Amino acid sequence: MNGQMQQSETGQGHPPAAEVPASAADLSGSAAIDVAHLVKVYKTTRAVDDISFRIARGSITGLLGGNGAGKTTTIAMIMGLVLPTSGRVQVLGAKIPEQSYDVLGRMNFESPYVDMPMRLTVRQNLTIFGRLYAVKHLRERIDQLATDLDLKDFLDRANGKLSAGQKTRVALAKALINQPELLLLDEPTASLDPDTADWVRQHLETYRKSHNATILLASHNMLEVERLCDRVIIMKRGKIEDDDSPDRIMARYNRDTLEEVFLDVARGRLREGAT
Amino acid sequence: MSELVSHQHRGISLHRINAMVLRYWYLLMSSWPRLLELVYWPALQIITWGFLQTYISQTSGFFAKAGGSLIGAVILWDILFRGQLGFSISFLEEMWARNLGNLMMSPLKPIEFLLSLMIMSLIRLAIGIVPMTLLALFFFGFNFYAIGVPLIAFFCNLIFTSWSVGVFASGLVLRNGLGAESIVWTLMFAVMPLACIYYPVDVLPVWLQYVAWALPPTYVFEGMRALLIDHVFRADLMIDALVINAILFAASFAIFLALLRSAKRHGSLLSGGE
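Protein sequence lines, in the order shown, are assigned to chains A and B. The C-terminal position of the first sequence is numbered 274 in numbering that gives the first Met the number 0, with every residue numbered one higher than the one before it. The C-terminal position of the second sequence is numbered 273 in numbering that gives the first Met the number 0, with every residue numbered one higher than the one before it.
These aren't lab readings, by the way, just hints derived from the structure by calculation. Fair warning: this is a prediction, and the values are worked out from it, not measured in the lab. Heads up, the beta-carbon is just placed ideally off N, CA and C, and yes, glycines get one too. You may find that some hints are simply not true.
Covered stretches of chain A, as calculated for chain B (at least 3 residues, CB under 8 Å) [what the hints assert, rightly or not]:
1) 66-77
2) 93-105
3) 111-117
4) 122-129
5) 138-150
Start from the sequences and build out the full structure, keeping to the hints where you can.
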């Protein structure tokens with residue numbers, strides 16, 4: 000799947016995504032996300048440093064990197080929450096931020112940087128976001144999400160009185176309320192126990208398959224990325240260090256797990272690790 | 000586009016404004032301290048100033064003749080102040096709840112967000128001011144509603160000013176995070192001495208009078224005194240105030256958009272903290 004969008008077979012790092020051979024899907028201009036030469040400078044810090052990539056519709060892509068690698072800033076620029084210093088972002092065919100209101104109703108996100116209002120019940124929160132996204136048959140949609148995400152027992156409880164795991168499921172329900180074509184997730188399973196985290200991952204996989212949705216997720220959880228993603232973009236100090244399928248990246252670094260690759264990249268063992 | 004979602008993303012959507020009003024309504028109804036706060040301070044204000052008015056009227060012929068000008072001024076000032084707070088506190092609720100990112104990533108447009116805050120300021124104002132006016136009537140015999148049609152002109156001008164200040168203050172918090180929260184609570188007090196709430200404009204030094212006349216509330220309080228003391232409704236003052244209000248509102252909206260853009264440039268929407 001991911002191979003449609005990027006080929007990185009040189010074994011010597013990877014070519015910039017803008018130079019990646021384009022598949023038929025790319026040529027039709029149907030990439031869900033198209034980022035070109037994106038730069039974000041905060042005062043003197045280059046948080047994102049000239050990155051380019053395209054993400055095919057219906058794929059799950061993981062954005063990996065240590066703290067300060069630029070993952071969150073990249074996702075925020077894709078969402079239009081942060082303006083790039085230079086470069087271009089296109090989402091579902093719309094230029095961001097200029098045409099963001101053309102596509103915001105077709106995407107959604109979940110991030111540890113935002114919360115749902117604490118005093119409102121889960122049902123009230125979902126009702127409000129459902130209305131903001133103009134969801135039809137909202138009551139039925141909330142019931143369906145409550146069933147799918149196992150929220151029924153606490154649907155009428157205040158969000159602030161939920162456990163971390165329950166809150167994450169509610170945030171996921173909010174992110175899915177409009178059946179988004181594009182889902183942006185920042186650490187979707189952070190603070191979840193392994194069982195709940197696994198359950199969330201399963202749900203994301205099912206959602207992607209059943210709706211041909213595109214998912215871009217930033218994560219520190221290497222197992223999660225290995226299991227979910229058909230493509231991984233590794234970032235370090237604002238730049239893309241590698242961009243390929245998990246299997247090919249692990250093969251290239253001669254490692255058995257992405258975690259080992261991640262450590263190689265984080266500790267600057269890129270060249271030694273690469274075959 | 001999913002069939003689940005209506006195609007409602009162009010233009011201003013009443014549906015989305017309604018959703019936001021509902022969000023604040025749920026919040027108000029879930030919290031009795033929030034409701035109590037709306038009534039408590041205006042009630043204290045009117046009782047304190049009402050007794051002061053009673054005392055002064057007994058000792059001063061002018062104030063006896065000026066039938067309720069102090070109480071009237073207190074109520075109108077509260078419309079101005081509470082109108083702005085009603086707007087800004089609803090905005091702050093989003094900052095406190097760390098919900099702004101969710102809203103900014105939704106199809107909700109800034110103008111729809113601001114319109115919902117304006118509606119909430121009216122709702123919150125009604126909850127606080129109506130009991131206040133009833134207290135003025137029953138304790139001090141001052142019927143605020145007897146002002147009649149001019150009251151609509153006074154109210155509209157004051158509420159427009161309060162929204163302009165609210166929009167501006169919210170923009171500052173949006174850009175600078177909750178570290179700028181105190182501005183929300185204190186900004187309107189900068190207007191207080193110049194708006195000539197309790198005294199006529201000609202009390203001010205001449206050069207300061209020019210500043211005072213640049214503020215729409217000054218026209219309202221002068222108009223109120225003309226009505227209560229001289230029994231004359233000064234429509235000219237209300238029209239002048241409306242013109243300045245229109246300019247003020249357009250300017251504050253433009254500043255809000257500029258501050259929102261600046262917040263996006265600096266990444267403040269992600270942090271939202273201090």
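Status of the hints after comparison with the structure:
1. 66-77: Per the Cβ count (3), the hint holds.
2. 93-105: holds (count 6)
3. 111-117: holds (count 6)
4. 122-129: It holds: at least three residues are needed, and the segment 122-129 of chain A offers 4 whose Cβ sits within less than 8 Å of chain B.
5. 138-150: Answer violated; 1 residues pass the 8 Å Cβ test.
The structure shown violates just one earlier hint, number 5.
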